[in-house]
Amino acid sequence: MIPKDQYPSDVKILRVVSINVNGLRSSVTKGLLEWLEQSDADVVCMQESRITHEQWTEKFRPEGWHTHLFPAERAGYAGTAIYSRLPFVSIKDGLGFELADSQGRFISAEF
Numbered sequence: 001m002i003p004k005d006q007y008p009s010d011v012k013i014l015r016v017v018s019i020n021v022n023g024l025r026s027s028v029t030k031g032l033l034e035w036l037e038q039s040d041a042d043v044v045c046m047q048e049s050r051i052t053h054e055q056w057t058e059k060f061r062p063e064g065w066h067t068h069l070f071p072a073e074r075a076g077y078a079g080t081a082i083y084s085r086l087p088f089v090s091i092k093d094g095l096g097f098e099l100a101d102s103q104g105r106f107i108s109a110e111f
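FYI, full-length UniProt numbering numbers position 58 of the sequence shown as 58, with every residue one higher than the one before it.
The set of hints was computed from the structure by calculation and includes no laboratory data. Hints may contain errors.
[Claimed, not checked] As a list, the in silico DSS-like pairs of lysine-lysine whose alpha-carbon atoms are at most 27 angstroms apart:
#, residue 1, residue 2
1, K92, K59
2, K92, K12
3, K30, K59
All values reported here derive from a predicted model rather than from experimental measurement.
Based on the provided sequences and hints, a complete structural model is requested.
Okay, structure coming up:
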């Protein structure tokens, strides 16, 4: 990745990272939030979050980040999350395709 300070000042950069966390709770205990803070990412899209809204506590929503979770209907399975340094203008869960939507497979966000 080219550091942001090496781009001309008139160029707008949005760094988007996609990561399969294989369980958000486990990834957080292994240093995911520390990595997040050190990263140059503006938006981080996470797959396989495997966490429910009930488990989605402040611990998983670090200060300075706008976050959104779309869990699977089945606890401990699939799910997606977005962490963004930018506020969401709009956010939508799902594609309108029941199988994918029930598994929390897709989030669209506008910034």
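Status of the hints after comparison with the structure:
no., hint, in the structure
1, K92 <-> K59, "holds (23 angstroms)"
2, K92 <-> K12, "holds (25 angstroms)"
3, K30 <-> K59, "holds (13 angstroms)"
In the structure shown, no violation is registered for any of the earlier numbered hints.
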